[in-house]
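Let chain A serve as the given structure and place chains B and C on it in line with the hints.
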Amino acid sequence: MNLPHWVENLNVFALGVVAMGCFVAGLFFLRFWRRTGDRLFLIFGVAFWVLGANWLALAFIDADEVRTWLYAVRLVAFVLILWGIVDKNRAARAAPRD
Amino acid sequence: MSQDEIPDNLRTLINEQLDSVVQVEVLLLLHAQPAREFSAAAVARELRIEAAGAEAQLQHLRAGGMLESTPAGGYRYAARAPALAAAVGELARAYADRRVTVISLIYSKPRTDQVRTFADAFRLRKDKGNG
Amino acid sequence: MAETVYVLCSLTSLACAVMLLRGYARSKARLLLWSGLCFVCLMANNVLLFLDKVVYPEQDLFLGGYFVLWRSGTAVLGIGLLVYGLVWDSE
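Chains as they are written, first to last, in my numbering: chain A, 1 to 98; chain B, 1 to 131; chain C, 1 to 91.
Isolated chain A (complex conformation) (with noise of 0.2 Å):
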């Protein structure tokens, strides 16, 4: 990439900060299953470590996203949202005692 340097090392920076929130906000989420029991909470820890991961990654490659395998990383990090949602209804259904 042909970026001014301090472009890529705002942006190296950037990922830093927001994969240092991701890990922060897998530590609460976890905490509230610990606290609650709700398997939401456990899937949306590890959502959000996922995320952090990606953007971890995101600081090192210097080639272009797309190209890489990076997007499956965010991929993995949405499904598991994604399950966690259907899976909180599923369950509301099945058994209305969470």
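Treat the hints as calculated values from the structure; they're not laboratory data. Fair warning: there could be bad hints in the mix.
The calculated lysine to any residue pairs, modelled on SDA-like cross-linking and capped at a C-alpha distance of 25 Å, are [said to hold, decoys possible]:
hint, chain 1, residue 1, chain 2, residue 2
1, B, K109, B, I6
2, B, K109, B, Q59
3, C, K28, C, W88
4, C, K53, A, G16
5, C, K53, A, L82
6, C, K28, B, R111
7, C, K28, B, R123
8, B, K109, C, V87
9, C, K28, B, R62
10, C, K28, B, P110
11, C, K53, A, N2
12, B, K109, B, D4
13, B, K109, B, E25
14, C, K28, B, E16
15, C, K53, A, V7
16, B, K109, C, E91
17, C, K53, C, W70
18, C, K53, A, W6
19, B, K109, B, V22
20, B, K109, B, R93
21, B, K109, B, A85
22, B, K109, C, A25
23, B, K109, B, P7
24, C, K28, B, G64
25, C, K28, C, L77
26, C, K53, A, L80
27, C, K53, A, V50
28, C, K28, B, H60
29, B, K109, B, H60
30, B, K109, B, A94
31, B, K109, C, S90
32, B, K109, B, G89
33, C, K53, A, A72
34, C, K28, B, G53
35, C, K53, A, V17
36, B, K109, B, A92
37, B, K109, B, A63
38, C, K53, C, Y66
Frame of chain A; chains B and C shown alone:
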């Protein structure tokens, strides 16, 4: 201080509509003289509160269906539904006899469980209650 | 392939944002506000990614700024709002 003696309709009224002692005082002031039209200034004078605060409470109570506004810009007690009128009557009785119980009911409303509400937001079919 | 992924991620983020913000409108629970806004930002992040890689692949600039910075900016804002909400409004 027994909270069991508070009737259910009053309990519901407190949970759904009443947030403070000032609000209860304003409501009962107008309830005591249902034929009289009150302005915010008059309420402020009688209860010794700020007029702006009185106006806010009057508007809130009107939105809750317990007061009506008059053409002159004042307010009058007029509970929209008979169930509401009954509850306000219970409030007047309970506030006279068991003021402390009523006040502690107002201020001990359970705070929303943020985490639980977060999970519930993802339910597509809303059946309240269990789970 | 990548296009499908970014569209799917955008739609999922949008769905989460809608569910959370509607939940906030109903319950006034502030955690839902912050997390809902986070998903709005994540949706923007995915949309920008789609624009950057699929629609304008040769272009580095977008609306006066660099694409990469818009993208990481939305991510920072989104995750920032989420962490703020988790710290202050999760009891």
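Exercise. Any of the earlier hints contradicted here, and which numbers?
Worked result: Result: no hint breaks.
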